[in-house]
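Engineer: Construct all of the structure, not just a fragment, from the sequences and the given hints.
As a plain string of letters, each chain reads:
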Amino acid sequence: MGACQSFREMCDRTKNTNIRLSLPAVCVIWQTAMIILFGIFIRYNEESDIRWAEHKKLKNITSDIENDFYFRYPSFQDVHVMIFVGFGFLMTFLKRYSFGGVGFSFLLASFGLQWALLMQGWFHHLVDGKILIGVENLINADFCVAGCLIAYGALLGKVSPVQLMVLTLFGVTLFAVEEYIILNLIHARDAGGSMVIHTFGAYYGLSISWMLYRPNLEQSSSLQRSVYHSDVFAMIGTLYLWMFWPSFNSAIADHGDGQHRAAINTYLCLAATVLTTFAISSLFQKHGKLDMVHIQNSTLAGGVAVGTAAEFMLMPYGALIVGFCCGVVSTLGYIYLTPFLEKYLKIQDTCGIHNLHAMPGVIGGIVGAISAAAASESVYGHEGLVNMFKLVPAVQGGHQAGGLCVALCFGIGGGIIVGAILRLPIWGDPADDNCFDDEAYWEVPEEEESSLQILQYNNHFRNKDVVESNFTVEQDGRTRS
Amino acid sequence: MGACQSFREMCDRTKNTNIRLSLPAVCVIWQTAMIILFGIFIRYNEESDIRWAEHKKLKNITSDIENDFYFRYPSFQDVHVMIFVGFGFLMTFLKRYSFGGVGFSFLLASFGLQWALLMQGWFHHLVDGKILIGVENLINADFCVAGCLIAYGALLGKVSPVQLMVLTLFGVTLFAVEEYIILNLIHARDAGGSMVIHTFGAYYGLSISWMLYRPNLEQSSSLQRSVYHSDVFAMIGTLYLWMFWPSFNSAIADHGDGQHRAAINTYLCLAATVLTTFAISSLFQKHGKLDMVHIQNSTLAGGVAVGTAAEFMLMPYGALIVGFCCGVVSTLGYIYLTPFLEKYLKIQDTCGIHNLHAMPGVIGGIVGAISAAAASESVYGHEGLVNMFKLVPAVQGGHQAGGLCVALCFGIGGGIIVGAILRLPIWGDPADDNCFDDEAYWEVPEEEESSLQILQYNNHFRNKDVVESNFTVEQDGRTRS
Amino acid sequence: MGACQSFREMCDRTKNTNIRLSLPAVCVIWQTAMIILFGIFIRYNEESDIRWAEHKKLKNITSDIENDFYFRYPSFQDVHVMIFVGFGFLMTFLKRYSFGGVGFSFLLASFGLQWALLMQGWFHHLVDGKILIGVENLINADFCVAGCLIAYGALLGKVSPVQLMVLTLFGVTLFAVEEYIILNLIHARDAGGSMVIHTFGAYYGLSISWMLYRPNLEQSSSLQRSVYHSDVFAMIGTLYLWMFWPSFNSAIADHGDGQHRAAINTYLCLAATVLTTFAISSLFQKHGKLDMVHIQNSTLAGGVAVGTAAEFMLMPYGALIVGFCCGVVSTLGYIYLTPFLEKYLKIQDTCGIHNLHAMPGVIGGIVGAISAAAASESVYGHEGLVNMFKLVPAVQGGHQAGGLCVALCFGIGGGIIVGAILRLPIWGDPADDNCFDDEAYWEVPEEEESSLQILQYNNHFRNKDVVESNFTVEQDGRTRS
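Residue numbers (the UniProt record's numbering), protein chains in the order written: chain A, 1 to 481; chain B, 1 to 481; chain C, 1 to 481.
These are computed hints drawn from the structure, not numbers from a lab.
Incorrect hints may have been included.
Because identical chains share one entry, a pair is satisfied inside a single copy or across any pair of copies.
Dumping the calculated EDC-like pairs for lysine to aspartate or glutamate here, alpha-carbon to alpha-carbon at most 20 Å [what the hints assert, rightly or not]:
#: 1; residue 1: Lys130; residue 2: Glu342
#: 2; residue 1: Lys57; residue 2: Glu46
#: 3; residue 1: Lys286; residue 2: Glu439
#: 4; residue 1: Lys56; residue 2: Glu66
#: 5; residue 1: Lys57; residue 2: Glu383
#: 6; residue 1: Lys390; residue 2: Asp433
#: 7; residue 1: Lys343; residue 2: Asp433
#: 8; residue 1: Lys390; residue 2: Glu377
#: 9; residue 1: Lys289; residue 2: Glu377
#: 10; residue 1: Lys56; residue 2: Asp68
#: 11; residue 1: Lys286; residue 2: Glu66
Structural biologist: Below you can see the structure in the form of structure tokens.
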């Protein structure tokens with residue numbers, strides 16, 4: 001008993017989770033930097049500026065409804081819900097890390113979207129030294145943040161909020177560069193971000209997790225589980241991601257048929273994924289019982305995998321086929337691959353992002369390359385082919401594949417470098433036996449009265465004060481019934 | 001004790017809930033069939049096809065914003081949320097069937113929407129042997145699924161997921177036929193589906209429940225209850241249904257004033273329902289205490305009942321009157337009718353869909369018939385009257401009433417047939433003492449540590465190992481406080 | 001023990017929470033009054049009336065998409081979610097008042113929006129004795145309700161639903177008058193309602209709370225706390241308010257750039273608030289642990305404070321500065337001001353609306369006044385300046401400040417009067433030791449089986465019936481594991 005306690009104290013000494021100075025410092029300084037950089041660089045674009053009225057006249061636009069706001073704002077709000085409620089609640093599944101799951105996502109995303117507006121603006125929207133922003137920039141900033149949230153999924157419960165801020169700073173920076181290379185230099189198309197967002201984000205997170213490998217993580221294994229209600233909370237995240245994924249994949253697609261088609265393809269693909277996920281989950285468990293982990297995660301794999309090709313003429317049955325395969329691959333990944341990765345490759349992946357984002361993201365890149373290479377004038381029409389792809393289909397297919405490689409390299413390379421930085425002993429990360437526990441960073445409310453009172457009562461009883469404890473018990477009975 | 005156990009074992013032998021082969025088989029085979037049928041039949045329509053650019057020129061459409069996507073996509077996403085989060089979470093109210101409530105809805109709906117696209121397509125959208133789909137088809141598919149989810153409400157906790165798949169297969173088929181008869185042959189109007197969706201779906205489910213009557217269901221009555229937090233989860237479902245119902249009733253109404261008016265009428269009607277639901281719930285309970293079951297369900301009855309007439313010139317006060325009545329009728333139904341149905345008609349209705357969908361649906365059909373029959377040129381204008389109704393108002397009223405009868409017949413008749421099929425002992429449904437329990441089909445996480453530890457500690461103590469148990473208790477105190 | 005019980009009984013006698021007659025009476029009579037008044041006054045406007053087709057021709061409108069419905073309906077639905085899920089779930093944080101938090105908000109809002117349509121209609125939209133309504137009226141009605149829900153936040157757990165209905169009746173009335181004075185007589189602008197909604201609503205609620213001061217409220221202090229899962233439920237409310245606030249502030253802004261800019265400013269402002277809230281929360285707590293109360297509430301302060309100026313040319317960095325300050329001020333308010341208000345000013349503010357709405361609302365009014373006064377033709381252009389402000393900038397700034405004063409006066413004055421009315425002993429409010437407890441007004445489901453069974457088992461054991469209790473324990477072990 002004494003030895004145990006002294007060991008714990010030693011751990012507490014070497015691993016100090018007190019972030020009372022580091023977190024406020026990072027938040028305040030970085031936010032101040034954002035204000036300064038926004039002051040220098042960021043302005044409204046012609047559609048959100050008060051001079052829109054003049055702009056309309058110049059461009060002979062007859063109605064305010066032509067403002068891009070009305071094309072994209074509903075999709076933007078859906079994406080916004082995916083980022084904060086979708087990702088946030090998907091990460092509440094652990095029994096004692098729900099605060100950290102939803103709370104740190106909230107922090108990370110709020111910082112990340114500001115930094116993304118700047119980084120993406122410098123690469124894509126710099127006009128006369130100013131970044132002119134509108135609703136499409138907000139969507140892209142949310143997309144960029146999604147990459148970092150995916151990475152957080154691998155690290156959930158094992159890192160401090162300060163580490164997450166650092167992860168986001170570098171993650172957004174890397175994202176903006178790889179996005180620029182993939183979309184603007186290689187001319188790959190990736191409206192739903194299978195490569196740019198999911199492949200990059202997942203391998204970025206997995207590489208960091210590999211660098212931060214914790215050999216004694218089983219010390220907190222009792223907390224790396226869900227309870228009944230935390231699983232229901234996580235389903236809120238799952239369903240919002242699932243329902244709004246058509247908006248995610250169509251949000252920045254071309255006006256008109258582009259957005260329309262991307263939404264239909266994603267809707268269908270995700271529906272097929274649900275059926276195969278249920279099938280595999282039941283088939284590979286003893287007694288055929290379904291596993292909530294699969295339902296919460298693998299049902300979403302189709303949305304990832306159809307990201308690149310959603311705006312293409314994938315055809316409804318093509319979308320279903322992609323979804324069918326992803327449900328199978330992703331669920332099998334949870335059953336066989338996640339334990340393998342942890343045991344042999346030393347990658348601890350709390351949320352199983354390898355199955356939800358990495359593999360489906362790569363599949364999405366490949367599907368995109370194949371469907372681009374297979375594009376024909378009979379399906380697309382001449383005009384359609386020119387508008388959709390800047391290159392000849394076969395060449396476009398190659399460039400799509402090239403884009404996938406870039407995303408992989410940036411994810412793995414960037415993750416290793418950032419992981420090395422995060423290993424420095426200054427970030428306030430928890431000890432191995434303190435992982436997956438909100439106590440480390442949050443004021444956690446006391447337990448439900450009932451359990452506590454029973455405990456108190458029991459201790460009472462143990463001391464043989466049977467008579468005095470009478471009052472407690474009866475009170476208890478009264479307030480409960 | 002021994003007798004009890006052997007009885008349980010016998011039950012387990014006769015009722016095998018192991019769906020390890022049947023569920024995967026159904027999911028994989030049916031999904032494969034969907035892929036093949038989609039490959040043969042389903043293509044993009046002119047607004048979601050890449051040839052939209054050519055189509056625009058042909059039709060002299062000046063802007064992409066005229067694409068139906070921008071008229072209907074925000075409503076579609078709201079409807080989508082209603083189907084998956086609304087219905088799904090409304091069914092999480094049981095203490096130990098939240099996984100089944102939200103999970104099986106997810107499965108059922110994901111299959112149903114694919115099958116609905118085909119069935120509705122064959123009846124409504126077949127052009128040269130192809131079904132051309134756009135956002136309106138997605139909305140209609142979601143509507144069709146709503147009918148099956150309503151039916152699930154009566155059966156919640158008492159059927160296996162395989163049975164739900166069968167229920168959906170037949171439910172969608174029947175739905176498409178009755179919808180075709182009501183809308184295309186009888187020329188009734190039903191934008192919000194009071195008849196087509198709610199009346200049909202509710203009587204379909206109730207008839208199935210009647211066929212599957214379980215005389216010994218009280219054996220699992222301890223589980224047919226809510227706990228505090230499961231009631232709060234269910235309120236998520238309630239509120240999303242309530243808030244987005246204006247989108248449901250306006251989603252496929254006519255562009256412009258039609259959608260606008262349907263949304264206003266539904267908004268008002270639902271507000272009135274809330275007040276009378278609270279009134280009746282308090283008035284008929286002892287001590288005036290409100291019952292969560294009423295608040296979760298009866299507050300929604302107005303949305304059902306205003307479905308048919310929402311796009312008509314019902315007038316704002318008309319919408320309020322409909323809402324007023326539905327709150328009263330539906331809440332009284334929960335108090336008096338549900339027990340009556342179970343005791344005398346042998347209909348076990350877990351969620352009370354008779355009060356939430358069946359009665360309000362019939363009221364909605366009647367309100368629709370009356371307001372169509374009462375339509376006058378002074379209110380509608382000549383042009384309006386012609387656009388809204390293909391027939392003279394009095395005749396239209398009769399046809400609306402006819403539509404209601406068709407929905408009733410299909411619901412009851414179809415339910416009896418499908419119920420007979422579901423009685424076959426091959427579907428893996430639970431035994432009477434195993435109902436309302438997620439253990440049957442799900443890997444359920446262990447209980448909260450606190451309770452378990454107390455239990456362990458107690459057992460410890462019972463064995464008089466007072467001294468050895470010291471350690472456990474102290475640890476407990478530490479980790480808890 | 002006997003004395004205690006008789007004291008409780010006395011309390012129960014003086015404070016009767018039985019609302020079996022009063023609540024139904026209020027609901028039914030007021031709803032009936034609404035129907036009559038709607039019958040007399042409320043009709044569809046030209047965009048929701050069936051004569052829209054004629055109206056289009058008259059006004060040379062070429063497309064249905066020009067209907068205001070398509071400009072505002074997505075924002076309306078977001079606002080609707082904020083009112084019912086946002087405010088409702090934010091108030092579920094108490095361990096035993098989640099039903100009351102979400103349920104009474106639902107009731108209050110459903111009545112309030114009807115009464116608001118009438119009150120605001122009489123002041124703003126009366127044409128030939130009729131109020132013509134469209135989607136903008138629905139948004140304004142929801143806004144008006146928001147004021148009353150804010151006031152409820154100060155009173156949460158301490159008032160009866162009948163009192164809330166009275167609060168709403170007067171609150172909406174006062175709101176409509178102050179709104180008319182501020183917007184139409186003083187010509188201040190306030191698209192996001194920093195003054196009209198938040199300042200008014202918060203001081204209205206705080207004044208009522210001051211009038212209803214309960215000196216012995218610490219008797220129910222054990223219930224004025226959260227538990228783990230109730231904090232997660234509250235995060236649902238927080239996130240929906242946070243995510244959809246851009247829609248709130250842009251919902252009734254000018255078409256085109258006005259809505260676009262308001263959304264961008266709010267998005268940025270809220271992101272900055274999150275960072276400073278986390279910073280201050282960690283900095284001022286012992287061990288740097290974050291407090292869920294701050295994360296749930298202070299992260300929203302930026303949305304309040306940017307309400308007035310969101311549609312102005314505040315500039316992106318301006319929005320960030322406002323957010324930065326509000327996160328700091330609001331979080332410090334929770335740490336220092338709320339205890340001060342309770343101790344010295346006798347204002348008991350359950351949700352801390354002084355920190356979330358009152359102070360940020362006043363800041364918002366001031367920011368609005370300054371940015372209006374500082375408006376220049378170089379930024380706005382001549383046309384923009386004329387469209388945005390009816391007056392010269394400097395004068396406009398003064399009028400904005402005047403608007404703020406009107407909101408404050410109406411809030412405090414109205415709150416004192418309504419508070420006096422609510423002190424009458426006829427409204428069924430709970431006794432001091434009965435506050436924050438759903439038992440008073442709701443049928444609360446029994447506790448989780450586990451705790452109860454343990455309790456029963458313990459009582460058993462206490463009676464030394466060790467042998468007989470064997471059965472219970474083993475059963476227990478079986479059903480649990």
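Engineer: Taking the hints in turn, state whether each one holds.
Structural biologist: Each hint, compared with the structure:
1. When the C-alpha separation of Lys130 and Glu342 is checked against a cutoff of 20 Å, the pair qualifies neither within a copy, at 46 Å, nor between copies, at 49 Å.
2. Taking identical chains as interchangeable, the C-alpha atoms of Lys57 and Glu46 lie at most 20 Å apart only when both belong to the same chain, with a minimum of 12 Å there against 27 Å between chains.
3. Proximity of Lys286 and Glu439 under a CA criterion of 20 Å is satisfied inter-copy only: 13 Å between copies versus 35 Å inside one chain copy.
4. When the C-alpha separation of Lys56 and Glu66 is checked against a cutoff of 20 Å, the pair qualifies both within a copy, at 9 Å, and between copies, at 16 Å.
5. Taking the closest pair of Cα atoms, Lys57 and Glu383 come within 20 Å of each other only across two copies (13 Å); inside a single copy the shortest separation is 29 Å, beyond that limit.
6. With identical chains, the CA atoms of Lys390 and Asp433 are never at most 20 Å apart, being 54 Å at best within one copy and 64 Å at best between copies.
7. Proximity of Lys343 and Asp433 under a CA criterion of 20 Å is satisfied intra-copy only: 19 Å inside one chain copy versus 41 Å between copies.
8. Taking CA atoms no more than 20 Å apart as the test, Lys390 paired with Glu377 passes inside one copy only; the shortest distance there is 14 Å, against 43 Å between copies.
9. Taking CA atoms no more than 20 Å apart as the test, Lys289 paired with Glu377 passes in neither setting, with 48 Å inside one copy and 61 Å between copies.
10. In this homomeric assembly, Lys56 and Asp68 come within 20 Å of each other (Cα to Cα) both inside a single copy, at 12 Å, and across copies, at 19 Å.
11. With identical chains, the CA atoms of Lys286 and Glu66 are never at most 20 Å apart, being 56 Å at best within one copy and 53 Å at best between copies.
Hints 1, 6, 9, 11 from the earlier list are contradicted by this structure; the remaining hints agree with it.
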